[in-house]
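Chains as they are written, first to last, in our numbering: chain A, 1 to 169; chain B, 1 to 413.
Since the hints were made in silico from the structure, they are not lab data. Treat the hints loosely; a few may be bogus.
[Claimed, not checked] Just so you have them, the derived chain B footprint on chain A, three or more residues with Cβ under 8 angstroms: (1) 7-21; (2) 67-80; (3) 129-136; (4) 139-150.
In this text, a Cβ means the ideal position worked out from N, Cα and C, and glycines have one as well.
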Amino acid sequence: MPDATGLELAAQELSEAIPGSILGTEFHRGRAVLLADPPQTHGVLERLRAKGYSFLASLHGVDYYPEEPRLGVLYELLDMQSVDRISVKARVATDAARIATVTDMWPGADHPEREVYDMFGVEFEGHPDLRRILMPEDYEGHPQRRDFPVGGEPVLFTYNEEQNYGKYQ
Amino acid sequence: MTLTEDYRKRESSITFAAEPAGEGETHELLTLNIGPHHPATHGVLRLLATLEGEVVRDVQPIVGYVHTGIEKTAEDKSYWKVIPVVERMDYVSYYFNAMAFCGAVETLLGIEVPPRAQYLRVLHLELNRIMSHLVWFGTSMLDIGALSVFFWCFRERERVLDLFEYSSGQRMHTRYIQVGGVMEDIPVGFAEKVREFCKEMPRRADQYADLLEKNQIVIERLRDTGVVDQQTLLDLGVTGPLLRASGNPWDLRKAHPYTSYDHFDFKIPVGTVGDNYDRYRVRHAEIYESVKIIEQALDGLPEGPFIATDRKVALPPRHELATSMEALIHHFKLVTEGFRVPPGEAYYPIESPRGELGCFVRADGSAKPARVHMRDPSFSNLQALAPMVRGGYIADLIASLAMLDPILGGIDR
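For reference, chain B alone in the conformation it holds in the complex (with noise of 0.2 angstroms):
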């Protein structure tokens, strides 16, 4: 026998049926700890994974190792002073944190947002959605072993970075979403860059579908892994792009439209089995339309103030405390004291790149928020994790984990 037959023979001895379950002299359960630093688990994630073999049983997530009480400092703060704590939540997508709280303030102030701000709110968010989506798509595709990825997607990051730069001065954690409005109308020349990279980002995207579509290992790895129905998935509280792929078209965007997301053309891309491959074409198809939204936005940008003209809530312009006493009043109010909240509560959905992202405010009518909680979409998508897993090699256990694009930020808190 040649070592060529001998190796074919053995070859097709070999079988992928999974192993009984249970312990014995041939089977053992064995418990690997997975993290909780590991480059794998997107943040500090603990996963307590049994396998059999190679094949996971069962995964159970350990959370709150970046735990920071942001929800309890929130309630020692003035509503105005809370916004930059919450966007440090979800690091990835600060605009959304911060979309969601101050829209909980708004519905409870029941104030008007003027609607160049709501459209300005658009266009960040937007630009923060991409931004976003290329975060995990470039530490996703990294897990799974494409790494040119990675560098391709952070260059774009730079670039969406840059703009928020541009607009607000600052890359991460802008603050520029404020109670009644946005801090700033957009500086001179923001458009025409906005515009140049709303026609780059679309060839850049090909750009990655190419690098990965064609890729045999890519294909075979998210191809058929981490399959979850519909149902156990709505049952789980999961929604974003994990829900979507899997059929479901749900989108707040569109099923209760907020800040003006009526106004704009686009569409919700869905998935059809619900396994990696379509969470990897969900969002990068979302890359395309929040593209298209950000030059409607661009195109339809109303003329008007940027804030609501409220002094109650808004601080004046900076030229009006020169002469006028009254805003000067106004001014130091606001900037010592904050403003006055009506009792009440408010829950404010919006829907951010992991799911819905709700934002729950108990005011109880002084300046400073009773109570803030944040529903992160990561918190409640993580459940899936296990049955995405089960039954699987452990290689897909991280791919999975990649395509679940949990932060780990947003789940503590």
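For reference, chain A alone in the conformation it holds in the complex (with noise of 0.2 angstroms):
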């Protein structure tokens, strides 16, 4: 992990870089978040790619509810070389929940982007095969999303076919 001071110099380089690329810092107990601007977040993780944080080790998404913007795309970015960890987190809101896709960069966002986009909406701009990967393909909702209730899904009998599951929100 980069320390308090190596990520405040690491936002400082990519927003010399990219004006307004990124939007603040966080260091929560050894681990250094860059806040990214949605639209920048392909080209700060381009950058950071290219410094040596090669490896994609996780992408997810959270639902920072009650907060807004709500829904936060976390890339966790792994240096081998210098076993050195930083993560990027994009905020979007849920009515304009879009983000360049980075399958362009690391063809293993596949499988993660399509679980964002199955359990939290978040669409990713250019992504080959944008579909439902969890949940069944005719579902309705994002089911990781805070507002989505646990239990909310009736068991599918015959007498209660009609009525469609997952007819939330």
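Join the two chains, each given in its own frame, into one complex according to the hints.
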């Protein structure tokens, strides 16, 4: 992990290269997070990748309800040479949940992006095959959002098959 | 012309070159559905294979059949009640799931895990690694057609499960690893049983190799099949034995030691070519290294508490409840409400038998996590299936899938 100073330096460097790309930094319990502007996130990740953070360890979504913008897409980057990790966080609102895909840089982002789309409804622009991955393809709603109730899904029987399940929102 | 001559003549005309792709009178692509219920898919995995004759042109994995919403369920439970549900994600390596989650929560709490607890964790994690590799070993060789190895491996797996039962009362999903340490100290006689197992396991692993290494069919089916180069694997987010088989010695136990893995002397087996044979060899060699770690953990097991003494996080010892009002209050609060975790986010990666298992936890200050996400290695590794099998025979698809070692409970969560 870069230390707090290293994180600020990286943030400054990125802000100079792409003006307005870094909205802030978070440093908590040794974990360094760069808050990126969603339209610029692809550029930020591209620069970090060139800097050595070339392995995308994880890509996942978070719902920050009731904070706004609600949804967060988190990229956990790893530099295997210096064993260094940095996270990039892009916050998007639910009504404009769109962000550029990173499958062009990391083909392995395919499954995780589909999962974030499935669970949170974030659309990854340019993704080659953006479909639901874990939930059934005809499912409605995005179950990992915080306002989606646990157990809000009735069990299907023949008598209630007309009432489509997952009719939430 | 005799029959033999005729046969030899026809035999020489057979070529193994791939036929040109395309559709027409002589060439047609066939889409074959494999699974979701098929013994060779190691769980409920569906594969859509595009075939041209016997050659696989493309394969698309379809997952989600055992999605149970564990990450969603975890948001509705207090931290200590999340451990049993996350253990059921990758159901073959349950200690690792619990370890990743507890590690993330401990990072957020900022509590120190006592050395004895760390060694006990390592001991059980490595036993679990052996157990997981044995399950993979048996079932994957079953797919290739070597039937007896399956029974041999499951005999040793039973012994590991018996050890788990001895130390925690459960054979699977033991809930042994807790936030702050482990559930209980090891019982009397456990160390001797583990030592006995450690003495026997390398000999057993030798026997598996003897069964397979001189078996021409196994060698032919594994060697030079499913070759993927290192860079492709890295771009696909593949970690663990699959990556190490291609020659990259990346192992989080060495690269970024957690729970005192830096105290132990062990080697990281790596492959050279990155074919299925290397994958088999790497996992097989890891069994020996895990045995070495377990022996060292027993030799150097430090004295002291097995769980953090912070009463706000860990349950007080049972005997204190009879004498101390404070202990009773702590016990009551921990069991009913659970402990609160200060707001923050943590990502805690560990090396599971299949690769980097990372747990992301977001705490909002309450007694329940606001988000739990597991970066499961099988979920990312499955993406390497298509590059592994493209251009090969459909029989190699089964072998490659077996060597990939996907656990569908971890993929679907």
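Verification of the supplied hints:
1. Look at the segment 7-21 of chain A against chain B: 0 of its residues bring a Cβ nearer than 8 angstroms to a Cβ of that chain, fewer than three, so the hint is violated.
2. With a cut-off of 8 angstroms between beta carbons, the segment 67-80 of chain A has 3 residues touching chain B; three or more are needed, and the interface restraint holds.
3. Beta-carbon proximity to chain B at under 8 angstroms applies to 5 residues in the segment 129-136 of chain A; the threshold of 3 is reached and the given coverage holds.
4. Here's how the segment 139-150 of chain A fares: 5 of its residues keep a CB closer than 8 angstroms to some CB of chain B, so the rule of at least three is met and the hint holds.
In this structure, only the earlier hint numbered 1 is contradicted, and the remaining ones agree with it.
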